[in-house]
Amino acid sequence: NAGVTQTPKFQVLKTGQSMTLQCAQDMNHNSMYWYRQDPGMGLRLIYYSASEGTTDKGEVPNGYNVSRLNKREFSLRLESAAPSQTSVYFCASSVTGISYNEQFFGPGTRLTVL
Amino acid sequence: EDQVTQSPEALRLQEGESSSLNCSYTVSGLRGLFWYRQDPGKGPEFLFTLYSAGEEKEKERLKATLTKKESFLHITAPKPEDSATYLCAVQAWEETSGSRLTFGEGTQLTVNP
Chain A
8 NAGVTQTPKF
18 QVLKTGQSMT
28 LQCAQDMNHN
38 SMYWYRQDPG
48 MGLRLIYYSA
58 SEGTTDKGEV
68 PNGYNVSRLN
78 KREFSLRLES
88 AAPSQTSVYF
98 CASSVTGISY
108 NEQFFGPGTR
118 LTVL
Chain B
160 EDQVTQSPEA
170 LRLQEGESSS
180 LNCSYTVSGL
190 RGLFWYRQDP
200 GKGPEFLFTL
210 YSAGEEKEKE
220 RLKATLTKKE
230 SFLHITAPKP
240 EDSATYLCAV
250 QAWEETSGSR
260 LTFGEGTQLT
270 VNP
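Residue numbers (the numbering used here), protein chains in the order written: chain A, 8 to 121; chain B, 160 to 272.
Simulated pairs of lysine-lysine, BS3-like, Cα-Cα distance not exceeding 30 Å:
1) B:K227 / A:K64
2) B:K201 / A:K16
3) B:K201 / A:K64
4) B:K201 / A:K78
5) B:K228 / B:K216
6) A:K78 / A:K64
7) B:K218 / B:K238
Everything labelled a hint here was simulated from the structure, so no lab data went into it.
The task is simple: from the sequences and hints, build the whole structure.
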């Protein structure tokens, strides 16, 4: 099992450009998440999807959109990138239920917006 | 609003020198407290889940404990390969489904040989 995979690993954008970050998991998890990690800020939730067909805003959703394509895939889109979106982006997945709520993370996408 | 505070921000130990990392939290109703390890350039790796005060879990040189206000990650006789950033996160009971976590900023641990 590959676990959680993310593409691309690195990306440099110019202000105003758009891009989509891809995430896939092969653990049959119901829930998927997008976080950003910045120095001094910790991991902050952007959007999450509790199950296929649903998405909800997290702590920092402005400037982002998401799509839960199917049970395996959850993408994050930046429509018009800004320098403030320079960060490391992590996708995660988990089982939804009373227990087994630990989230499993992908390797991250390092994004720089110039 | 759920809050997680980790201390210290950074910790340097000599190999074999035991110590503890602290995670203080405020949450409306604790569903679970999670510890993760993160190596440079990689995603967080799950270590432990604690569900109720008094619970303890161990894995090799690591032992996590939980009270009603904080959690400790005890590191016994650490080795250089234990060097990493350790993250703490809490999950609150919510009516909606999903498993939203609130993370602390982490403690960067360096173990010198």
